[in-house]
Structures are given as C-alpha cells and as structure tokens.
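2 protein chains.
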Amino acid sequence: MTQQNKRRQALELIRANLADENLITDTAGLRPYECDGLTAIREMPWAVALPQSEAQVIAILRICKEHHIPVVPRGAGTGLSGGARPNQDGLVLGLSKMDRIIEVDPLNCVARLQPGVRNLAISEAASEFGLYYAPDPSSQIACSIGGNVAENSGGVHCLKYGLTVHNVLGVRVVTSDGDTLELGGALYDTPGLDLLAVLNGSEGMLGIITEVTVALLPKPEQVVVMLAAFHTIEDAGKAVTNIIGQGIIPAGMEMMDQLAIQAAEQFAHAGYPQNAAAILLIELDGGAQEVENLCRQVERLVQASNAYHIDTATDEKEQMRLWKGRKSAFPAVGRISPDYYCMDGTIPRRQITHVLASIEEFSKEYGLRVANVFHAGDGNLHPLILFDANQPGELAAAEEMGGRILELCVAVGGTVTGEHGVGVEKLNQMCVQFNASELEQFFALKHAWDPHGLLNPGKGIPTLTRCGELGGMHVRHGEIAFPDIERF
Amino acid sequence: MTQQNKRRQALELIRANLADENLITDTAGLRPYECDGLTAIREMPWAVALPQSEAQVIAILRICKEHHIPVVPRGAGTGLSGGARPNQDGLVLGLSKMDRIIEVDPLNCVARLQPGVRNLAISEAASEFGLYYAPDPSSQIACSIGGNVAENSGGVHCLKYGLTVHNVLGVRVVTSDGDTLELGGALYDTPGLDLLAVLNGSEGMLGIITEVTVALLPKPEQVVVMLAAFHTIEDAGKAVTNIIGQGIIPAGMEMMDQLAIQAAEQFAHAGYPQNAAAILLIELDGGAQEVENLCRQVERLVQASNAYHIDTATDEKEQMRLWKGRKSAFPAVGRISPDYYCMDGTIPRRQITHVLASIEEFSKEYGLRVANVFHAGDGNLHPLILFDANQPGELAAAEEMGGRILELCVAVGGTVTGEHGVGVEKLNQMCVQFNASELEQFFALKHAWDPHGLLNPGKGIPTLTRCGELGGMHVRHGEIAFPDIERF
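Sequence lines, in order, name chains P and E. Residue numbering for the first sequence follows our numbering, starting at 31 and increasing by one per position. Residue numbering for the second sequence follows our numbering, starting at 31 and increasing by one per position.
Bear in mind the hints are in silico, worked out from the structure with no lab data behind them. Please note: incorrect hints may appear among the correct ones.
Quick list of in silico lysine-lysine cross-link-like pairs, DSS-like style, CA-CA up to 30 angstroms [unchecked claim]:
#1 P/Lys-249 with E/Lys-95
#2 E/Lys-95 with E/Lys-190
#3 P/Lys-249 with E/Lys-249
#4 P/Lys-249 with P/Lys-354
#5 E/Lys-249 with E/Lys-95
#6 P/Lys-127 with P/Lys-95
Restraint ranges, calculated between C-beta atoms of paired labels, are given here [as the list claims (entries may be wrong)]:
#7 P/Lys-249 with E/Glu-429: 41 to 51 angstroms
#8 E/Thr-55 with P/Gln-327: 56 to 66 angstroms
#9 E/Arg-45 with P/Cys-372: 47 to 57 angstroms
Which chain E residues face chain P? A few, computed with CB under 10 angstroms, are given here [claimed, not checked]:
#10 Leu-53
#11 Glu-212
#12 Glu-322
#13 Leu-469
#14 His-477
#15 Ala-478
#16 His-482
Just so you know, even glycine gets a beta-carbon here, dropped at the ideal spot from N, CA and C.
So that you can see chain P by itself, here it is in the shape it has in the complex (with noise of 0.2 angstroms):
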C-alpha cells in the first residue's frame, strides 16, 4: 500500500471511532489549531480528532501507532512554549471534549476530573464545600486540568502551595501503545517508581492524560494583600530574602519594576507608587489572627528593607485594585513598545538583587528598555526585553541579550525555565542547562514510555545533534554516545 493509502486507511478507521464532527480534516477547520498560546510558531496538521471517551483516545492511538502517525496532544491551547504546535503530517489529538467533573470528594479532599476540565472549573465545582484547587495559571479561566499536568503550570499561589505537580494525585495515561496505567490515585504515598510525577511536565511526550485527581484546599478563612514600594530594587530583593528568610512563606509575592509600574499604572490605575524603583505584592493567607501576626511581621521586614510605601487591602475589592496591575502588566508593557520578548528563567531568591542589576548593565549595554514582572517568592524572573523588530538589529539584539540573561540564570545556580514549559520554544535553551549525559537520561525515559517516538515529537528535549551545533553541549567521553536519537 502507498504512503498515501496508508494515511487514507488510518484517517478510515479513526473516523469510524468518532462522532462526524470530532473529526476535522478541512482547512478552514484545522487553521485555529495551528498554533498554541505560541502564536510565532505555526504548522498545519494533518487532521485533528477530538475523542470524548478514553475508549476512543485508546482506539486512535492503536490506530496511529500501527499507521506511523505522529500523535500532538492538545488542551486549551492556552500554552506558551508551543508544546500544541502541530506537525504537519501529524493527528492533534485534542481532549477539550473530555471535559466532565466526575466526582468531587470533600471527606477526602480530592476531585476526580476528565482532562478538559477548565482549571477554575474546578474551584468552582469545589467551592459548596468551602475547598479549592490551589495552582492558578493568568490563563485559568481558559486552560485544562491536562494541559497543567503535561506542562506542569505555575501561578501567583504555586509559592506556597507548590506547582501542579504537588497538586495532582493520581492519573490515568493511555500508552502509545494504548495500554491504561492508573499511577498515584487519592492516597497520599503509592509504591513504585514515581511515574506520576513524570507524567507532570511531560508535555505530551509520554502518553495521553485521560483522567486527574488532584488534592483540594480549604480556602484561608482571611486574606490581605499588600503593596510595599522601595527606592531601590536592592531594597526590593532585600525585602524578599528577608520574609523568606525569617520562614514566612506569602501565598504569592511578586515584584514589579519602574517601567512595569508606569507601564501598568497607566494601564489599570491600580494606585501604584509611579516613582518607585520596585514595588513588591505580597497576599498573605491563613487563619484571622494568624494573618493579623503575619501582617505585622511582613510590615516589619519590608520597612527594615527601607520600603518608604505600604498599602494593606483587607477588603476584595481592595484586594482586587491591587492586584489588577500585575495581572495586565503584559498587555500593558506591550502598549509602550512595538515588541517585547518575554524571557522565562528561575534564580535562588539571594541573587535576585545581583542578577536585577546585571540586566540593567545588559540593559544599557544593548540600549534596550527591559521592564521586570515576576514571581519573586520563588525567583521566577518574566523580564521583558523592549525592542522594535522595524528598526535593523533590534531583534538579534533582544535574542542576545536574552541569552546572556538565561546563561546568568544558570551561572548563578538557577535555570533556564520556570513555569511556561520547554516546547519548542526552549530547546536551545535545554542545550545549555543540562549536559550531554542529562539529555540521554531524558532520552532514554522517552523511549522506555513512546519506543516509536510518535507522540509530540520534536517537543522538550533537544537532540544532541542541535546541542552540538549550537556549541553549548558537554560531549560525553569524546563523542555524542546515543547515535538512534535523532529520529525523536
């Protein structure tokens, strides 16, 4: 049979294991499934199938691997890093129809759900019982449960309530060879290899996430936020090691810096200090009196580190204001320049006073503008690098500059992603985290799970090759020592 008989066949069988409209082969119908949150980074599929059972997600990718068809699995589409970007001789294998909230356990704090479930779905779904689900991503409204597993997804609260990985209990995964495991379930500790934990980032490399169950919290009984404002960015980070340091851990601190604070005031009239060198957020949860300790402690800290500005909010519609900035600190950064190029890296808390000042010296260096927004709690730096992709050289400028910034990040002992996923969008970047016995023990992992390397590939783990060419790679022992993983 040709090559295209094969695909016709495959298209065939997967068709009869699905409603008619949960397959899409038309143009006009696979163009939104182009690209992720990615936008830069497009690719037509071969077809898209939408299953709404997890016997449906076994048949096809029975289907698949029998046809050599390259499986992309999708959520929301919400993603950063382009770990959705299409191939185009490749099924997208969305699960946004597998969208059901199967039980909601209160005794036992967990909520069992189907992988398209909208991440504040859930909270919602959970609320009547005074819990919710902790890890929320600025795309919560719109992104999966699955899509936060296989990306293991950040948020403002994942400082003190950890990534979705310590969140999630239990998955069910199909195979490539459409085998079901169940790994973890609703207990605290399980036996065995820790396979659950790295189907958490694994960004569709593994297998196809079918169902979550994931710890819920009971909400603080009381919450403030508080904006603290500082002359100097020293002070800021001072600030921050200081509240760490004394064993306080803030349900999210994030710091802003002049140019992400004008850009922002101007934009949400959030009632930010315009002349602040750095303004830092610091929401603060727990029982009432607990809260009212923790305030005076963290009021103390931060004046100690010479904050000249605090505004506490107790109310949510105070709380809201404040928080209003740094949630449109990005479209609002993206009014005041034609482009930015939003870098993604995590530090320890101490260098972030050091690493802050080397981007300004970077910053002056190349006569790019960067505005910082980030995770400060857990040193997870967002700079943006200010350019005009219309003015000759300011692109290759912004991309160098950003370089330097990754490699300071992991000079200092951080790495080179934080909480968006590696995709496609950070492979050259891996190269130069991990070294080349790092990439093999990546390798060899997917290979154990997806041994015909059909599901996203291309995706999270650089090749040697790639890594060699860019020259950022430890060659191990004289020579690149796992020659048949090119075909990943």
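Assemble chain E onto chain P, guided by the hints.
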C-alpha cells in the same frame, strides 16, 4: 579470562581506588552487611566497598559495569523491606562514609548534604538558624538522607509536611555508566522530565545518590499534642475524617486501638486510658494564636465524634510523655506475643472505619489478635498480627490473613505499601497492586537507566513471571508482553 579471574581483577581495581579499610572481603567483616532492618532475609555479599568521594563511586561503578558485577547500594542499613539485602555475587556499595554537611543556606532555606548524613543531623545543623528538616522516620537517629531518598521515607510529621519526595529539591546521582547527573537544585521548578521525583523511592535501582539538597522549614512557634480517647473505633475514625474534612491538617495524627494501647501503656506508662477502644494522638503546630484556635476547633470536632477523654499537653515534657507510648508501641506489642507480622498498607481516610471493622472480622475468623498502630491522618495502616510461630499453622494463618488485609486495602482504593518501600518484602503484593502494563512501564524505566540490570537487581519490581505464578496478574493482550525482563 575465567569468571573467577575476572572477579579477582575487578576486586584489585576497586581496591586501587579505595583506602585499605574501605574494601571489606573477609567473612567476619562482611557479616554486619548480610541484611538491613528486615533481618529475616539475609545473604552474604561478595564484597563491601565504602567510598569516601563521588570520584570513588564513579570509579567503582565503571569497574562493576566492565566486569558485570551487580551493585547493591546501602545507606545506614535501617530499611524495613530488604532494599539493601546483598546479592551473593554482588558488591555492597555503602555510602555511610560520605557523611559531610556541605552547606546550610538559611536565606534560601536549603541544605546540601552528602548521602550518608543522618536524618536527625540535618535538623541539628539547621537548628541555629531556627530551621529543621521535616520528614522524620522513626529511625531518624540512625537512618541517612541517601537512604531516605531511595525509600521515599515517611514519618509522623509527613501528614502535614510531605514525604521525602516533597522535601528534596535536588540530587546528584551517578548512573551505572559512571556518568554524573544533576537533577533539580536549590530551586522550586526545574525544566525537563521530573527525573528527581523518580529517584525518590527508586530503591537504588536507577543510580547512586552522591549529594542531596533538601528544603528546611522554620521551627513552629508553638506545638500542642492532644490525646483523645473513644469508646468505639468507628468514633475515632469519624474524628479523623471530620478533622481533615474541615481542612485542618495536623502536624501528625496517629491512631492506636485497645490492644496496642494496653501493650504500650504497660511498657511505657504514658498515661493512656486503658479501657479506650481507640485513641488519637494529634499534634498541632504553627503560630501561638493559630495553634490555640486549632486546638479549640479540634477539641470541638473530637467531642462531636464522642471522645470521652481529652488530654492536651502544651509543655515539651508532657508532649514527650504522650508520644512515648506511641513510639514504643512496636516493642511493646513484641512483649505480649511471641511473634507479630507488621503490615504496611494505605487506604483513603474515609475507609478507616470500614477497614478496621473488616480487620476485626478477619481477626475473629483466624483466631489471631491484631493490634492497630498507625498514621491515621494519611490513612497509612500498620496492623500487627499477633501469632506464635511455634504453634503449627499460625504463621501460615497470619500470612494468609495479612494477604487478605492488603487485598482489602487495594479493593477500597488503597495501596499495598505505605512508607517502608517494596524491597524484597513486598514483591508479591506489587502483583496485586499493578497490572502487566504498569509493571512493564516500571521495567522500561529501570532499563532506560540501567540497561545491564546491575543496580540492585531483584528489588522493587516483581517480574511478570512471578506475578503470573501467583495468579494475581492481569495478562496483557493475552500474553506476557515483555519477555526480556526476567534478567533484572
């Protein structure tokens, strides 16, 4: 070269890399390494190596790979499931001499440790900064952090603060090829597949841990220990689910039944009410005001579950008295019965009442007494089945009854092991817990790390043949589908 000469050569090569006293080959010297804390299962090793540096670990692993010599890593030898039981043709690689605390970093709240550092020594070193390391296995005076990572150890305080995997931020690990990998680090979120989580609980099957970075927590301002006594087990079980269902996560919540209470009281004189059908020991920690509030809430909740006696200890001496009975429960039960068989299963909390009632029925059916002492908060049961091995049939009856308890744990949505690891002890139970596809996936991962099967062979994962013989195995697609796994 004959096999014997090859082995002799390997020994000389290992000897060349170590100080004289760090390679043991004489019978008297090998004897202490014959077993770990599971003393019933013993085997004399071929040799014992005690490296003092990562470079020595690398050299030894390369020699063993070259000469096809199995390697059994060993921490402090306190494990309860035989994970460090030697192989007669294998090298025991003891990490006890790599016991340096490399760094305590109070600003980032982390400590970097060699694998042989004792669990309690971490908290002792962090104490001057007001910090401590939370996971506290009952062997914490002796057990080491490398072994804790290998077994993903638990402890009383893991209810609130998580298991080892939740408190380890990074490891350095040497693979069976002698390559060094850095997984995780002093940061919250790191890119790539979560190999760090896989190392936690991998029981020495994937690599040799040469460095561990752990998170440190601030010591709580206030601690209270509460004893609540109940006339029925059902009421005690209800109190557990009521407390957790209200979103209160105590630092620890332990349950003991009447037989365990009486044995412990006679042994430790902790002041337990000897007629209680069950007691709960509940530890609450946090800020002073928070703990006072929690205390009131928990008191109300246990009263609502018909607690007839409550004893609250606020000073350290009284708290140690209350804990003393619980901590000596195992030796205390050892005094009232010639033998006991300690089970280790985990169930969803809401099933506690049902499972304990079923265990009591089993107890009547088999005519064997059971003492229950367990981590009620996270549903981790340790039923102790009392028997006399000198009475014909009693050992067999105890084993059969134990098997039925574990099957019940699985049937209600639980697992066949909690915190002790699988080792060699629970290989059969893994056949009940996992289907063939799931076990294959464990083996595929094992193979990806250790293609020659030299690291701790025969531990942690049962072969499909073993499971098939037990009859507890789901066979996949009508066949056992991974024929070459037998060599592990």
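* Using the C-beta atoms of P/Lys-249 and E/Glu-429, is the stated range 41 to 51 angstroms upheld? -> Holds - the Cβ-Cβ distance for P/Lys-249 and E/Glu-429, about 47 angstroms, lies within 41 to 51 angstroms.
* **Restraint check for P/Lys-249 with E/Lys-95, where alpha carbons must lie at most 30 angstroms apart** => Not OK: P/Lys-249 and E/Lys-95 at ~53 angstroms, beyond 30 angstroms, violated.
* Asked: Does E/Lys-190 lie within 30 angstroms of E/Lys-95 when you go C-alpha to C-alpha?
  -> violated, 42 angstroms
* Closest C-beta approach of E/His-477 to chain P relative to 10 angstroms, hint status -> holds, 7 angstroms
* Should the hint that E/Ala-478 touches chain P count as held when the rule is a Cβ pair under 10 angstroms? -> This interface hint holds because 4 angstroms falls under the 10 angstroms limit.
* Asked: Can E/Glu-212 be said to touch chain P, with a Cβ gap under 10 angstroms?
  -> OK, holds: E/Glu-212 within 10 angstroms of chain P, min 7 angstroms.
* **Given hint P/Lys-354 paired with P/Lys-249 - CA-CA distance at most 30 angstroms** => holds, 21 angstroms
* Asked: Minimum Cβ distance from E/His-482 to chain P below 10 angstroms?
  -> violated, 13 angstroms
* Given the hinted pair P/Lys-249 and E/Lys-249, is their alpha-carbon gap at most 30 angstroms? -> Holds, because 24 angstroms separates the two Cα atoms, which is no more than 30 angstroms.
* Keeping to a limit of 30 angstroms between CA atoms, is the pair of P/Lys-127 and P/Lys-95 held or broken? -> Answer holds: P/Lys-127 to P/Lys-95 is near 23 angstroms, not above 30 angstroms.
* Hint check: is the beta carbon of E/Leu-469 less than 10 angstroms from a beta carbon of chain P? -> holds, 8 angstroms
* To do: Sort out whether E/Lys-95 lies within 30 angstroms of E/Lys-249, counting only the CA atoms.
  => violated, 45 angstroms
Consistency with the previously given hints fails for numbers 1, 2, 5, 10, 16, ordered from lowest to highest.
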